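> This is what each chain is made of:
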Amino acid sequence: MSTPILQARNVTKTYPGVKALDNVNLTLAGGEIHALLGENGAGKSTLIKYLTGVHTADSGSLLISGAEQTFSNPSESTEAGVGVVHQERNVIREFTVAENIVLSRTPKKFGFIDWKKVNSEASRCLAMLDFDIDPSTPISKLSSAQIQLVEIARALYTDTKVLLLDEPTASISDAEAAKLFKVIHRLKDDGAAILFVSHKLDEVYAHCDTVTVLRDGKTVLSDAALADHPHDEIVNIMVGRSLASLVTPERSVNTAVDPVLELRNVTTTAGHGGISLDVRPGEILGLYGLVGAGRTELAHAILGRERITEGELLVNGKPAKIRSVKDALHDYGIGYVTESRKEEGVFLDANITRNIAATTWGKLAGPLGVVKVSDERALVEKYVQELGIRISSQDQLAGQLSGGNQQKVSLAKWLAADPKILIIDEPTIGIDVRTKRSFYELIWGLADQGLAILLISSDLAEMITLADRIAVMDSFTLAGTVENTRHYDSMSQDVIRLIHAKAPSH
Amino acid sequence: MKLKLPASLGSQYLVLLATIVIGAVVLGISSGGNFFGPVSMQTFFQFLAVPILIGLAQMITLAVGQLNLAIGAIGGVSACLAAVMVADWGFNPWLGALVCLVVGAVAGLANGILVVVTKINGFIVTLATMTVLLGVQYALVNTRTISADNWKPVAALGKASVLGLPAIFVIAIVVAVLVGLAFKYTTTGRHLLASGDNEHAATLAGISNDRSLTIAHGASGLIAGFAGFVSFASLPGVNQSVGGDWLLSSFAAPIIGGVSLTGGTVAVFGTVLAAFVVRLVDSARAEFQLAPAWVNLVIGAVILGTVALGRLRENRESTKAGMLRARVATHRINAPHMAETAAKEASL
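The listed protein sequences correspond, in order, to chains S and R.
The first sequence runs 6 to 511 under the working numbering.
The second sequence runs -11 to 336 under the working numbering.
Don't read these hints as lab results, they were simulated from the structure.
Quick caveat: nothing in here was measured; it's all calculated off a predicted structure.
Note that beta-carbon positions come from the ideal geometry of N, C-alpha and C, so glycine has one too.
Careful: at least some of the hints might be erroneous.
Coverage of chain S stretches by chain R, computed from C-beta distances (three or more under 8 Å per stretch; other residues unrestricted) [unchecked claim]: (1) 94 to 100; (2) 103 to 117; (3) 174 to 181.
Extracted from the complex, chain S is given alone in its bound form (with noise of 0.2 Å):
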C-alpha cells in the first residue's frame, strides 16, 4: 500500500475535566472515502479541528503524504492541501458568495485583489457543486442550507487533497446531498482522500469505504473496512452496548375530530402563494421540501412573524389573529422547538432553570411579578424526568450541554408553557442515533397526549418514520399532501414525484 494522505498517530486533547481525544488513530488513503463515526461528544468535531490547525494537541503526531507537520492555525492546513467543512456555519455575513469562497487565499494581482478572479474562481468551485447562485449575491441573503453549500465550495477551492467533511449533510436536501456525493466521488477518482462525518449511517453506507469509530475520545474502530461491520454491529460500537431495533407504534388519528390548526388558501409576506393544510389533535402532520421550499418562513407565518396578507388561520375552528410568538403561544397555545438550537433554541449562557422556565415565568410569577424559585424547579425538575435531559444540576449551563441534551432543553421550554399545537423545527440536526430514537418515542407521546404536531424535517427517512400525513412544499407552495404508509421506497417515490411534478419546466 502507497504513502497514506494523512496519518495521526496517538492524539491527545485534554480540556479541563474532560479528555476529549485520548490516543486517537486515523489514517486517510488517497481514493478513499472514510467514514468518522461516534455519537455526540465522541470526539469527532475535536479531531477535525486538530487536523485543520483550529486547535493544538497535547500529544501526538500528524503526517501529511509522510512528511510530519504540525498546524498552529488554519491557514497553515489549508496550504498543506487539507480542507474542510466544519460542523457549524462560518461565513462572513457582510461578503458576497464569491469572496467567502475564496478567503483563505484571496486571488490577487501586483499586490491588490482581483476581483475578476475572485468571482471567476468562486464560479469554478460552485459550478463543480452544480450551485446554480450569482457568486457576487451577498451571503446575508442565502438560506442556511444554501450557506452550506458554499462552504462546501469553499473546500473546494484550493488544491485539496484530504477533505474533511463534518456533517455535510446535515442541513441539506437529500437532492442537494446527491450534488455533493457526486463531487466527493469524483475527488476520491481523483485520489483524494475523504473523512466524511454523518450521522445519517445511510449515507454512510452507500458511500464510504472505510470507517473509524471514536467513543468517549477513543478509537474503538480504527481503519477498517465497512463492508465488513453491518449497520446493527457499528451502532453497537458506537454507543457501546447494543441498542433494540426501532420499533414504530402503531398510530392511529382519530379523523372525527376537527382540526386544531387550519390554513386556507394562505398568502404571506414571506411569499407563500396558496397553501392549505390541517393539523388534528394527536396527529403528526410533516412538512416537508427541498431547501428553500419556504417551511422554516411558513412556520414563522403561523407565529406571526410574518404576516398573512390573504387567506385565513383558523385555530380551533376560529380565525386567529398572532401578531408575534407571544401571541401564539398564550393565546392560542401555539408553540415552536426552533431549527437552530444554538442560536435560537437556548440561553447557553443561562442554566437549566432559567431557559427552560422562561416561558412560565408569566404563569409562575405572584401579584408582584416575582417568580419563586423553587416554583420554578419543581416545574422544571418534572420536564428533565420525562425528557431525560442528562445535566448534573440545574445549575449547569446549557452551553455546556450535548447537542441532544440542548435540543431536549429547548423542547422542555415549549412543553412547560403547556401548548396545544408545536411546530417542531429539524428536531434531529447533528444529533446522534441513540438520542435520535429517544426524540422520536417522546415525539410519538407527546401525539398520543393529544398534541397536534407540525413536523418540519429535510431527512426523508425521518419524515416517513415519524408524521402521519406529509405535507410536501415546493417553492413557498404547497405541492401536495400523502397519506404515509410508512413503507420507505414507495413514500419517497410519491414525495420526490410530487415535487417534480411541480417544478417549473425550463
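Starting from the structure of chain S, add chain R where the hints point.
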C-alpha cells in the same frame, strides 16, 4: 470593477445629498447669500477636513467591531506636542508635522495592542488612554495658546488652495479615497472587515483577529494624528481644547453614513457625506449664533434617528421581498405559464 451600491445604501446617499443641498440653500438664504461667498466657502471646506478625517478614523475601528474614544485626545496631543516642539524646543515646523503622524500611529497601536493583550473591551481601553492622553495634553500646553506664527510655513499650507479648494480639504479627500481603496482592494482591508463581521469564521480562514484589531486601532490613531496635524496647520493657535469636541462628530459621520455598529462594514463615501452634514450643522450654529450645546443636541438626535430609520428600512425591505415571492408563488398556482414572467419581474 463596476461601482454597485446596495439599494438601501444608494437611497441613504441620496438622502444625505439632499440634506446637504437643502441645508446649504437654507444657510445661503438666511445669510443673504454670504454663505456662498468665497471667504465663507473657503472656511467651510477648510474646517471640513477634520470632521472627514475623524469620521474615517472612527469608521476603521467600527469596521472591526471596536470603537475609539481616544480620537480627540490623540489629535489633541499630536497637535500640542508638535506646537511645543516647534515653539519651545526650536524644532523645524515640518518635523512637527511628522510628529503628529508618529504620535497618532503610536497611540493607536498602543490601543490595539492593549485590546489584544489584555482582552479588555476596546471601550474601556480607549476610555483609559483618552484620559491619560488628555492629561499629557494638559501637561504639554497647560493653559497657554501657542500661536501658529511659530510655524508659518506649515500654517501657509493650512491656508493654501488647490483648484480653488483648501489644500487640507483636498488632502482629507485623498485620505478618504486611499482608505476606501484599501478596504476594497487589499487583503488587509478585507481581513479587517472579516474579523469585524465574524471573528470565528475569520480565524478558520486563517485570518488573525489580533492583527486586524491592532491594525485597525493603529490606522485609526494614525488618521486621528493626521487630523491633529490639520488642526496644527489650520488653527490660528494650538491649546488644550484641540480635539475636545471631536468625540461626537467622529461617531456621527460613520453612523449617519451607513456603517454598522456591530462591525464588518465600512462606508467611506457615506462617512464623507455625513461629515458635510455635521459641518453644516456647525456652520448653522455660527450663522445663527447658537450655543454649541445645540449642535450636540442636533447631532445626537440625528444619530439616533439614523440608527432607528436604518432598522425600519431593513424590516420594510424584507417584507417587500416576501410579497414579490408570494406573487410568483400565486401565479404558479393560478397560471403556471405566467409564473416565469412573474419570476422575472420579481428578480428585477
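> Which of the listed hints are broken here?
3
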